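**Q** Be aware that the sequence shown starts at 0, since it is given in numbering that gives the first Met the number 0, and climbs by one per residue.
Keep in mind that a hint or two might mislead.
To be verified - 35 Å max Cα-Cα, derived DSBU-like pairs, lysine-lysine: (1) Lys190 with Lys248; (2) Lys168 with Lys191; (3) Lys69 with Lys86; (4) Lys168 with Lys227; (5) Lys227 with Lys241; (6) Lys257 with Lys227; (7) Lys168 with Lys150.
Said to hold, decoys possible - FRET-style restraints, in silico, Cβ to Cβ: (8) Glu47 with Arg236: 38 to 46 Å; (9) Glu226 with Gly262: 52 to 60 Å; (10) Leu229 with Glu193: 40 to 48 Å; (11) Ala192 with Asn172: 19 to 27 Å.
These are computed hints drawn from the structure, not numbers from a lab.
Just so you know, these numbers come straight off a predicted model, no measurement behind them.
Where a beta carbon is used, it is the ideal one built from N, C-alpha and C, also for glycine.
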Amino acid sequence: MTAMQLLQSNPLPTITWEKLPDDFILPDEPVDNNLQPLLAAALRESLELAGLILESMLIASNFGLCATVKTQTVVKAPDWVYIPSVKPIASGEIRRSYTPHLQGEIPAIVLEFISETEGGEYSINPHYPYGKWYFYEQILQVPVYGIFQPKTGELEIYRLNQGRYEQQKPNENNRYWIAEINLFLGVWQGKKAEVTAYWLRWWDSSGNLLLWGSELVEQERQRAEQEKQLAEQEKLRAEQEKLRAEQEKQRAERLAAKLRALGVDIDDSL
0 MTAMQLLQSN PLPTITWEKL PDDFILPDEP VDNNLQPLLA AALRESLELA GLILESMLIA
60 SNFGLCATVK TQTVVKAPDW VYIPSVKPIA SGEIRRSYTP HLQGEIPAIV LEFISETEGG
120 EYSINPHYPY GKWYFYEQIL QVPVYGIFQP KTGELEIYRL NQGRYEQQKP NENNRYWIAE
180 INLFLGVWQG KKAEVTAYWL RWWDSSGNLL LWGSELVEQE RQRAEQEKQL AEQEKLRAEQ
240 EKLRAEQEKQ RAERLAAKLR ALGVDIDDSL
C-alpha cells in the first residue's frame with residue numbers, strides 16, 4: 000500500500016485542541032548528539048541578532064506540540080519550531096508545552112534533524128502515537144516541514160499543498176525561500192563554537208547571510224582594523240606632506256642663500 004493509499008484509507012480522526020493536563024508527564028529524552036542543540040540555537044541566534052524575533056513569537060527546540068486525537072493526548076517535540084504568534088502567558092509562568100489554536104497560531108515551520116537512530120521523521124503512521132510526518136501534515140497541518148541530515152548536509156523542504164506535503168526545489172544557490180519568515184534557508188559548511196559541520200543558515204531576500212554573534216564581532220573587528228589602517232595611512236600622508244613642505248622650505252632657503260652670496264638682492268628680484 001502506498002503512502003497516499005494509506006492516508007486515504009485512514010480518514011482524519013477527531014482532533015481537539017486542549018491544554019496539556021498539568022499531571023501529563025512529558026518525555027524527558029536526551030538529545031541524540033551534542034550537535035542538535037547547537038544547530039537549533041544557531042538558527043535562532045541569527046534571527047535574534049537581525050532583530051527579527053518579536054515578543055509574540057515562539058521559537059523553540061525539543062518543545063512539546065500538543066493535540067488531542069480521539070481523546071488521547073499526542074505530543075511531538077520537533078528539533079526546531081517557529082510559531083509566528085502565540086498568546087501571552089502570565090509573568091513568571093513557564094511555558095512547558097504548546098497547543099495550537101488554543102494558545103496561538105499553528106507552527107509555521109517545523110524542522111527535524113536526522114540522527115544515527117531512526118526518529119520517524121518520514122513516518123506516516125496514522126495510529127497512536129502517530130508518525131511525525133502524519134502529525135505535522137495531517138493533525139497540525141504545519142505549512143513548512145524540513146528534514147535535515149547533519150552528517151551529509153542534505154536538506155529537504157516540504158510545503159503543505161491541498162493537505163499533502165510536496166517536496167520543494169531549491170534555487171540556483173541551493174536555498175529554499177520560506178515565505179512564512181521572508182528568508183531563504185540553506186546549508187552552510189564551516190566552523191561555529193569550535194565545531195566544524197554542516198549548519199542551517201538564513202539569508203535575506205537580497206542573498207545576504209544573517210550573521211551569528213561571533214561573525215558580527217569579527218566583522219566589527221575587521222571594520223575597526225580597516226579604520227585604524229586608514230587613520231594610519233592618513234597620518235603617514237600628513238607626515239609625508241609635512242616633510243615635503245619642510246624640504247621645500249629648506250630648498251628655498253638654500254636658493255636664497257646662494258643668491259645673496261652672488262650679491263643678488265632677493266627683495267628686488269621678487
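**Q** Each hint: holds or not?
**A** To see whether the hints hold, each was checked on the structure:
1. Lys190 with Lys248: 57 Å, violated
2. Lys168 with Lys191: 27 Å, holds
3. Lys69 with Lys86: Holds, at roughly 25 Å.
4. Lys168 with Lys227: This hinted pair is violated, its Cα atoms lying about 45 Å apart.
5. Lys227 with Lys241: Within the cut-off at roughly 21 Å; holds.
6. Lys257 with Lys227: 45 Å, violated
7. Lys168 with Lys150: Given that 35 Å is the threshold and the Cα spacing comes to 21 Å, the pair holds.
8. Glu47 with Arg236: 38 to 46 Å: 42 Å, holds
9. Glu226 with Gly262: 52 to 60 Å: 56 Å, holds
10. Leu229 with Glu193: 40 to 48 Å: At 33 Å between Cβs, range violated.
11. Ala192 with Asn172: 19 to 27 Å: Holds - the Cβ-Cβ distance for alanine 192 and asparagine 172, about 25 Å, lies within 19 to 27 Å.
Violation of the numbered hints given earlier is confined to hints 1, 4, 6, 10; the remaining hints are satisfied by the structure.
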